[in-house]
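Residue numbers (the UniProt record's numbering), protein chains in the order written: chain A, 1 to 503; chain B, 1 to 503.
I should point out that these hints are in silico values taken from the structure, not numbers from a laboratory.
Take the hints with a grain of salt, since some may be wrong.
Remember, identical chains collapse to one label, so a pair may be satisfied in a single copy or spanning two.
Capping the alpha-carbon separation at 25 Å, the derived lysine to any residue pairs in SDA-like fashion look like this [as the list claims (entries may be wrong)]:
id : residue 1 : residue 2
1  : Lys-370   : Ala-30
2  : Lys-389   : Glu-28
3  : Lys-296   : Thr-124
4  : Lys-176   : Ile-291
5  : Lys-46    : Phe-494
6  : Lys-370   : Asn-31
7  : Lys-74    : Thr-84
8  : Lys-50    : Ile-291
Protein chains: 2
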Amino acid sequence: MYAAVVKYIILTLCAQTNAWSIHDYNAERANLLEQEFGLQVGGNIKLSDKENSANNVLMRYKRQEVDESFQNPKYFNFSRHYFTYKNDIEKSKVYHIIRKMPKGAALHVHSSLMLSAERLLALTYEDHLYACFADDDLKLHFSANVPQRPCHTKWQLLSVLRNETEDIVSFDENIKKHFTLYSQNEKDLKFDINYVWERFNKVCRTIKDLIAYRPVREKFFYEALKEFYNDKIMYIELRSGLPILYELDGTLHDLTHMPRIYHRVAKRFKEDHPDFIGIKLIVTIHRAKDINKIRKSIEIARRIKEELPDMFAGFDLVGQEDLGKPLVDFYPALTEAKDDINFYFHGGETNWFGSSTDENLADAILLGSKRIGHGYALIKHPSLLAAVKAKDIALEVNVISNVVLSLVSDVRNHPLASYLAFGMPVVLSSDDPGAWGADPLSHDFYISFVGIASKRANLRMLKQLVINSIKYSALNASEKLEAFKKLFKEWDDFIEDLSTNFR
Amino acid sequence: MYAAVVKYIILTLCAQTNAWSIHDYNAERANLLEQEFGLQVGGNIKLSDKENSANNVLMRYKRQEVDESFQNPKYFNFSRHYFTYKNDIEKSKVYHIIRKMPKGAALHVHSSLMLSAERLLALTYEDHLYACFADDDLKLHFSANVPQRPCHTKWQLLSVLRNETEDIVSFDENIKKHFTLYSQNEKDLKFDINYVWERFNKVCRTIKDLIAYRPVREKFFYEALKEFYNDKIMYIELRSGLPILYELDGTLHDLTHMPRIYHRVAKRFKEDHPDFIGIKLIVTIHRAKDINKIRKSIEIARRIKEELPDMFAGFDLVGQEDLGKPLVDFYPALTEAKDDINFYFHGGETNWFGSSTDENLADAILLGSKRIGHGYALIKHPSLLAAVKAKDIALEVNVISNVVLSLVSDVRNHPLASYLAFGMPVVLSSDDPGAWGADPLSHDFYISFVGIASKRANLRMLKQLVINSIKYSALNASEKLEAFKKLFKEWDDFIEDLSTNFR
Ligand SMILES: [Zn+2]
Ligand SMILES: [Zn+2]
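Modelling step: build the complete structure from the supplied sequences, incorporating the hints.
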């Protein structure tokens, strides 16, 4: 592709020596910009007449919003932290259009952080929930009797505490704070990456406490699917570390119980919502573990693949990349598995150019990863960029996650702008939308479309991104066919609605 | 280049289906990373034995500094605003090495903002300087009698005010504030781009007031050359809007007087410092003007070219790109001139992807610009990126300027990282070092080398950047030869010093 571009440019530009007429110049200029327009994600999409008129509606609103920000960068532009403008997104017409758009699949989501703090709070109204408030920390545990787990203060029934309080609203607000990184406090927005990850890990621990109880986990998961479904998502690939679940009497389930619950709840959800396609599972383990733990985790993945082949997608390593071990440390375990287990590695979720974290990108590619989670640092690696393009490895980009977890503040500096412009295989996802109070996908789509992509990027790009989410999924060929059939049906309804009701 | 890379990757990667031995894997991996290392700026440089041992010294310190930041991102990393760590740079060994390194040329500098606030303050001790303090503003004027220019308050002799004050230190500190954007006040660091540019324009006005007086302008320019020379810069290409200068009695000089002063002062400076090569001039005009003003400015450029052919380099447009007119508006005037006047256009100094500012990059290329000032947005334009590479148009990258003028906060997100990795024709410069209290080049080099480039980037990259500064200058062939001769002599001394005195 690049060679062709370079040749074209040399031919058309270097040959020019005399002054052009303004007419020739404008033609040449339009040609050059048009050529770039064709290279970008969605550049090959042809729109129908209906889609073109829907696109006109969409682009009228988009241009309005971009122009307002351009003229008044002081107000609502995308250069600030997501938390500072999150509540203003509701005001955007483009957002409301995107909210209605069928989005296909969410391919990069961690299962325990899918659900909003509001819905998590509702789950704390379940019976038998004990709480341990200590310092800045909240531990939770469901139990028939006072939990035996250590607590610096005292385990107390949450229902009792809630009944005793005079102000339930602020009591609940306080609990909700433990379920989200969201804060309107300026000072919470500018800590360094390690500090943010510490806060993030704390939120994860409290939520995992809440949902380690089997019956609540089932409710949690059904609710999470509902939030995704309501955001027009038809299919999800979950990353899950397969936690041990327990019953009220303290009985512990074994590791393979969790996947069975995913399977059972998703099946029930599908029965209740026939246009939902389902879920698949990417088994994960923390990258801080040693190689023997990794081997065991791959073994469990194999067992799940055998027991639930339709639901199994692959394997991944999680946790802050900078502080964890690089992929290359696990090479012996990973290379043994690469022929029967598909990899979906996180890679290059870092700003440290030339560090071992950064080089995970090379290992993800060499180990045959089907997609790469984030790939944030890939823009600094011309050879790896070319390899990802040539091998058609999709990049799972999670913009809001990268902002909240301190990789970038002004999203216009996010490499997604270049990935979209270069026509890289991109899918948009949300990583942990519950942890930052984002929509399952709509906020990420909105910010990417209005804040990051070219002002000229239009419905063609959105459509390609939606198509990519199925194209690069772990669905098999016939599943993809079914998914596309449903998707295009929904897409047509969306276009109909947009071109008729939004004028 | 890309085609070759893609082919290589496909051959070496896609052919692999079985598990590799760890030995083969590591070889393959090293090969892939080494290949990228070869692509980057400096990848073709071969170091001598002496240079290799100097490189070992340099890299030992660089690795130390990067590793410390990686482990403690809370302290001194490059993710914060330049002003917050500017005073810590002194503590860095790498900085002190870079400070001693001969840097060749500074190719992107605006003449009135070359000098530090400290030296500007010293110039306010000259006789006959009147000041008008009004609100947040400071106007200055040299005059035999009270200036006739309007003043909301009152014109007063600065020497009188200074004599009357009880605390000269804070009096002078207050004056210095009008000469710089530098501030340690957190709230000054996070305003939007238009606000920062307003403050910037105000600083420019006060400084221009001070140096519009002919004798002070001469001192100013000599002092500026000295600061650059002391930072190991041997040659400068100045951008100047050719202000009208005046004498104490109010006599105004004509537009061509300013270039004659540049010529005369530079000649004197060269006599005093024989290893200094000289300066060339890029005539500029503000992009807010209309096309007739542009035509006139080009006419003046032609006259200067005729009168001082050795000193004349070319023509450019300046001012905040987002708010000014796009290049395409001036197409008729520019295309007429492009055969006898070289262009050095600012282009793509913006975060607004797909805006008219952003498209200036296309016009700069189509109009045959010899270099591009900033090119910040180029990373979002694959075709233009390929064109710039193919036509070998140098990018004048000014990192600190981009931070201070609000394009990016964490410099690791600056596109320079990619430009260096892609082996683009890059030169480093400082835009307006006086306005932000930066070294003429050392701070920009230091931040680029330690904060932006790969951890593995070494002396080869620095050497290439220094070579580029002469290679992409407006010097003619024989001037370049002379410059390289002097440069390599200085370079050898630097290497000798580094490999013997810094161990
Ligand atoms: Zn993730
Ligand atoms: Zn400039």
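For Lys-176 and Ile-291, with the copy left unspecified, which applies at a CA distance of at most 25 Å: within, between, both, or neither? neither (36 Å within a copy, 60 Å between copies)
With identical chains treated as interchangeable, where does the CA-CA distance between Lys-74 and Thr-84 reach 25 Å or less: within a copy, between copies, both, or neither? Both ways: Lys-74 and Thr-84 sit 13 Å apart in one copy and 22 Å across, limit 25 Å.
Between the shortest in-copy and the shortest cross-copy C-alpha distance, which are at most 25 Å for Lys-50 and Ile-291: within, between, both, or neither? neither (55 Å within a copy, 42 Å between copies)
Intra- versus inter-subunit Cα pairing at 25 Å for Lys-46 with Phe-494: within (17 Å within a copy, 60 Å between copies)
At 25 Å max between alpha carbons, let me know whether Lys-370 reaches Asn-31 within a copy, between copies, both or neither. Classified as between: cross-chain Cα gap 22 Å, same-chain 35 Å, threshold 25 Å.
Intra- versus inter-subunit Cα pairing at 25 Å for Lys-370 with Ala-30: Result: close only across copies, 22 Å inter versus 37 Å intra.
With 25 Å as the alpha-carbon cut-off, assign the pair Lys-389 and Glu-28 to within, between, both or neither. Between. Shortest inter-copy distance 19 Å satisfies the 25 Å Cα cut-off; intra-copy 28 Å does not.
Intra- versus inter-copy proximity for Thr-124 and Lys-296 (alpha-carbon distance at most 25 Å): neither (33 Å within a copy, 74 Å between copies)
Of the hints listed earlier, those the structure fails to meet are numbers 3, 4, 8, in rising order.
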